[in-house]
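Student: Using the hints provided, position chain G relative to the given structure of chain L.
So you can see what is in the structure, the chains are spelled out below.
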Amino acid sequence: MNPTRRQFFGTTAALAGMAVAPGLLLTEIRQANSETQASSKVRWGMLVDTTRCVQGCTACVSACNTENGLSGRIGPDDSQWIRKIELKEKTTGRALSLPVMCQHCAEPPCVDVCPTGASFKRADGIVLVDRHLCIGCRYCMMACPYKARSFVHEPLHDQKPDVPRGQGCVESCTLCVQRVDRGEGPACVEACKAEGREALLFGDVNDPNSAISRRMREAGAKQIRADLQLDTGVRYQGI
Amino acid sequence: MRLLAALALIATLAVPAGVLAGVDKPVLEKASKGPCIAPPEVMRREHPDILKHQRMITVHEGVVGAKVSLEKCVACHASKTTGSVAASPQDFCESCHAYAGVRLDCFECHASRPGR
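Heads up: the protein sequence lines correspond to chains L and G, in order.
Sequential numbering from 1 applies to the first sequence in my numbering.
Sequential numbering from 1 applies to the second sequence in my numbering.
Bound conformation, chain L alone:
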């Protein structure tokens, strides 16, 4: 590109920036920050060790409710971001208890069906709903094979400052994105550790040396409904 052409594009871009917010150039806003951004080098995942998960323990569920400001009610109109599922193999009688939440698929069906782009996958693999764009059509709820999403039916009050939620939008587990962005692990993982069970392990599955990658390599990690080939970020050990 010759210099005059490049100059032209430069000026046009600068003018476009000014048109959006004169006096406060948006490009300037971005450059002036010492900010961090979700990176595609990382893929956040979770490993659930079902052999350590105990029937009747709901520490992860309570921690999720507290962290994200959910009511904790489990009626058909209430939001549940994480559920404890009890399984029993009929022939052997082997009982299992495991938490099920948004599986943070690499190929999320909820994103495929969303008509507005509200359902999306972040660069680091976390599947989220942009409530600014969500129109509450609930296609994603029908598309999700894990029944992981909830719809907010009633107006909400006193939401958490870092977990905005509201009526008319679909929501689900965010892997506690607000905590992850601060460099912490999800609330459920912390709660499970505090209970002394450590059935939940959170980490970067792209990094072969991370604790989660090593455990997945050594102990194996299955996907629920692996036949759907969604490449889930949440995996289970011992199912």
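To be clear, the hints were calculated from the coordinates, so they are not data collected in a lab.
These numbers were taken from a predicted model, which means no experiment stands behind them.
A few of these clues could be false.
[Unchecked claim] Result set (BS3-like, lysine-lysine): computed pairs, CA atoms no more than 27 Å apart in a straight line: (1) 80/G - 67/G; (2) 222/L - 121/L; (3) 121/L - 88/L; (4) 147/L - 193/L; (5) 30/G - 160/L; (6) 52/G - 121/L; (7) 52/G - 67/G; (8) 72/G - 121/L; (9) 193/L - 222/L; (10) 67/G - 160/L; (11) 160/L - 25/G; (12) 25/G - 80/G; (13) 72/G - 160/L; (14) 88/L - 80/G; (15) 33/G - 52/G; (16) 147/L - 90/L; (17) 67/G - 121/L; (18) 160/L - 80/G; (19) 84/L - 147/L; (20) 52/G - 30/G; (21) 67/G - 33/G; (22) 41/L - 30/G.
[What the hints assert, rightly or not] Residues of chain G placed beyond 12 Å of chain L at every Cβ, according to the derived structure: (23) 34; (24) 66; (25) 113.
Where is the CB? At the ideal position from N, CA and C, for every residue including glycine.
Tutor: Just chain G, lined up with the frame of chain L:
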């Protein structure tokens, strides 16, 4: 008589409706902390665009620690009496939005009170 009536009518029409209805000017409580990210005249006109632009960056790209943040707006502008920016008609966001007749729906989802 007709002339008088006409004059009276003109006089009535000449008075702006706002004065008759007694619409109060918005109460702008002083922010609790230091200077804003931009001068008041810029913020008054541009804050919706600035916030709208930032929300895409924050939500979709996962950018943390940005200069523009609704949470920070609330932290500085929450009223000393109600502790909120939109709980009472005198609160910072609410008073101006009521005056301008623009529906304020940010706080249907976002907290209108500062966090910890």
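Student: Has the given pair, residue 147/L with residue 193/L, been kept, meaning a C-alpha gap of at most 27 Å?
Tutor: Distance ~26 Å between residue 147/L and residue 193/L Cα, so the pair holds.
Student: Going straight from one Cα to the other, do residue 25/G and residue 80/G come out at no more than 27 Å?
Tutor: holds (20 Å)
Student: Would you mind confirming whether the straight-line C-alpha gap from residue 88/L to residue 80/G stays at or under 27 Å?
Tutor: Violated, because 56 Å separates the two Cα atoms, which is more than 27 Å.
Student: For residue 52/G and residue 30/G, compute the direct alpha-carbon distance and say whether it is at most 27 Å.
Tutor: holds (24 Å)
Student: Just to be careful, I want the Cα atoms of residue 160/L and residue 25/G compared with a cutoff of 27 Å; is the pair within it?
Tutor: violated (31 Å)
Student: Straight-line Cα separation of residue 33/G and residue 52/G no greater than 27 Å?
Tutor: holds (23 Å)
Student: Given the hinted pair residue 193/L and residue 222/L, is their alpha-carbon gap at most 27 Å?
Tutor: holds (22 Å)
Student: Assess, step by step, whether the Cα of residue 52/G is no farther than 27 Å from the Cα of residue 121/L, and give holds or violated.
Tutor: holds (20 Å)
Student: Between the alpha carbons of residue 80/G and residue 67/G, is the straight-line distance 27 Å or under?
Tutor: holds (24 Å)
Student: Within a Cα-Cα threshold of 27 Å, do residue 121/L and residue 88/L meet the stated pairing?
Tutor: violated (33 Å)
Student: Given the hint that residue 30/G pairs with residue 160/L, does the C-alpha gap stay at or below 27 Å?
Tutor: holds (24 Å)
Student: Check the hint pairing residue 41/L with residue 30/G against an upper bound of 27 Å on the C-alpha distance.
Tutor: violated (44 Å)
Going through the hint list in order, the structure does not satisfy hints 3, 11, 14, 22, 24, 25.
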